[in-house]
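A.B. asks: Residue strings, one per chain:
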Amino acid sequence: MDRIPILRIGDLLLVTIQVDMHDRLAMTLQDDLTERIVRDRAKGVLIDISALDLVDSFIGRMISNTAAMARVLDAQTVLVGMQPAVAITLVELGLTLPGVKTALNVEKGMQLLGKSYS
Amino acid sequence: MSTNETAQRVSALIKQFESEILTSWTGELAAKTFRNDDTTQRHCRQFLALLPAALAGGGEDINSRHWDDVRNQLNEISAQRAKAGSTPNETATFVFSLKQSLFTILRRELVNEPLPLADALWAISTVLDQLGLYTVEVFQKSRDQIIVRQQHELMELSTPVVKLWQDVLALPLIGTLDSARSQVVMESLLEKIVETGAAIAIIDITGVPTVDTLVAQHLMKTIAAARLMGADCIISGIRPQIAQTIVHLGVNLEDVVTKATLADAFVLALSRVGATISRG
Amino acid sequence: MDTDGTFDLGQFNSPLLTRYAGSADLHQVLPLRGDEHVVNVRKHVREHALELKLSLVDQTKLVTAASELARNTLKYGGGGVVVLERLTDGLRKGLRLVFADTGPGIVDIELALRDGYTSGGGLGLGLGGTKRLVDDFVIDSRPQEGTAVAIIKWKI
Chain P
266 MDRIPILRIG DLLLVTIQVD MHDRLAMTLQ DDLTERIVRD RAKGVLIDIS
316 ALDLVDSFIG RMISNTAAMA RVLDAQTVLV GMQPAVAITL VELGLTLPGV
366 KTALNVEKGM QLLGKSYS
Chain R
500 MSTNETAQRV SALIKQFESE ILTSWTGELA AKTFRNDDTT QRHCRQFLAL
550 LPAALAGGGE DINSRHWDDV RNQLNEISAQ RAKAGSTPNE TATFVFSLKQ
600 SLFTILRREL VNEPLPLADA LWAISTVLDQ LGLYTVEVFQ KSRDQIIVRQ
650 QHELMELSTP VVKLWQDVLA LPLIGTLDSA RSQVVMESLL EKIVETGAAI
700 AIIDITGVPT VDTLVAQHLM KTIAAARLMG ADCIISGIRP QIAQTIVHLG
750 VNLEDVVTKA TLADAFVLAL SRVGATISRG
Chain U
88 MDTDGTFDLG QFNSPLLTRY AGSADLHQVL PLRGDEHVVN VRKHVREHAL
138 ELKLSLVDQT KLVTAASELA RNTLKYGGGG VVVLERLTDG LRKGLRLVFA
188 DTGPGIVDIE LALRDGYTSG GGLGLGLGGT KRLVDDFVID SRPQEGTAVA
238 IIKWKI
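Chains as they are written, first to last, in the working numbering: chain P, 266 to 383; chain R, 500 to 779; chain U, 88 to 243.
If you're looking for bench data, these hints aren't it; they were derived computationally from the structure. Bear in mind that the values here come from a model prediction, so they are computed numbers and not experimental data. Do not rely on the hints blindly, as some may be mistaken.
[Stated by the list, open to error] Below are the DSBU-like pairs computed for lysine-lysine, each with C-alpha atoms no more than 35 Å apart in a straight line:
id, chain 1, residue 1, chain 2, residue 2
1, R, K662, P, K380
2, R, K640, U, K162
3, R, K640, P, K366
4, P, K366, P, K380
Build the full structure now, drawing on both the sequences and the hints.
C.D. replies: Below, the structure is given as structure tokens:
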């Protein structure tokens, strides 16, 4: 089964989601990320969804859960690159992802992470 | 003559005398100062070509699927007329003026059959009346759609998002914030955030007369959507009455930073993005 | 027209489904039996939305709604189908989707339509939110018989 690749940059993990994920793939990603945070002693996780034109409640919750689990493991998560149409739709659905930090793009996301863990 | 027989009879007669009816109909339209140009000629010809089959198959029920082609034709004609700025009258006239031409043919061909003639005249009347009303309805709907679209475009023009500073946007809201408008506002703001990479958006509601639960919801949605794209919002311009309403309604503004004036909000925004203001 | 050959629309004792799927000339029937089918539905709905020239926001809302309902059909309805149909109403053009299953049905629809309702331990049906994403939303559910949800998005 295909997996979404996770890149390590220092003590940061970068995930770029570029495919229309089915639920199982999303769950696998969640598991993989949690495992990698522990294994690589990561302090930050950057989830780049700039290529996604769709984020539904399942993916939304996956992202929330991932951020929550990362926090428990002492790592910060930043979600970057949400497209305007996706943001509007998620908010209309009632999903505002309160526990997840956000940034406009990877660069700003890294700045945000750089600031938070010192 | 049963209704079905009548319909069949009328249908056959229309087919038989198609060109005669066409000439008389277009003549009638020209006389009533409806445009008599190539387009009108074409519309009349097409309509007459479709009419017999519709009658034969669907009888007097213009909503049956046999009449689909005829209705679609009328849709097109009405839509074109609406765009060209005609009145609903003109469009209905297109249909009603066919009556005279058809009556003439029917009276001549059924001159020796008074009862069938009466049935046929009645059938044509019923059908053309229904179709005439249909075109008016369609015309109205089409005009409404055009108005909605124009309103939408106007709204886009009247919700300017301005860049106050590097990374700081301001969105002065003026007027009521209904559902349609707030959609446009949200879209404009988010697009500007992408364009400028702004991290802070100041939403100034000095120009919003009333804030009720719905308006508050729209504002909350806008703030949530901006946040998902990495931008924080500050609401400014909250007048005392609005503050009262907000508390009264139980709107939860705990996670939202608010400032009384746009200036105050701007100062806060600047400090957030790391700029300092010094008196020189 | 794509059809999963093993599917018999008649098995759905659903007036909604019969009413919508029975007559249409231009419709597609897509199966909802596995995860990949949900992705497949998104793909098809996206294509239709593009053909319909919906605005980007409306497109996103529609595909997201379809994804939500497809998942519900799969996870809560035990699998089912979705019928896609292009509509015209006078001058408007639209797309109608009817999701149907023969699952346990929803006992309290009012409750399910309310925001924040969850029935299966944390993962809610999300019907209230989904309803806000579309123009028309009709739900017909009978306990022990199944559920059908019909949604329409119009091109303004």
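A.B. asks: Of the numbered hints stated previously, which ones are contradicted by the structure, given in increasing order?
C.D. replies: 2 and 3
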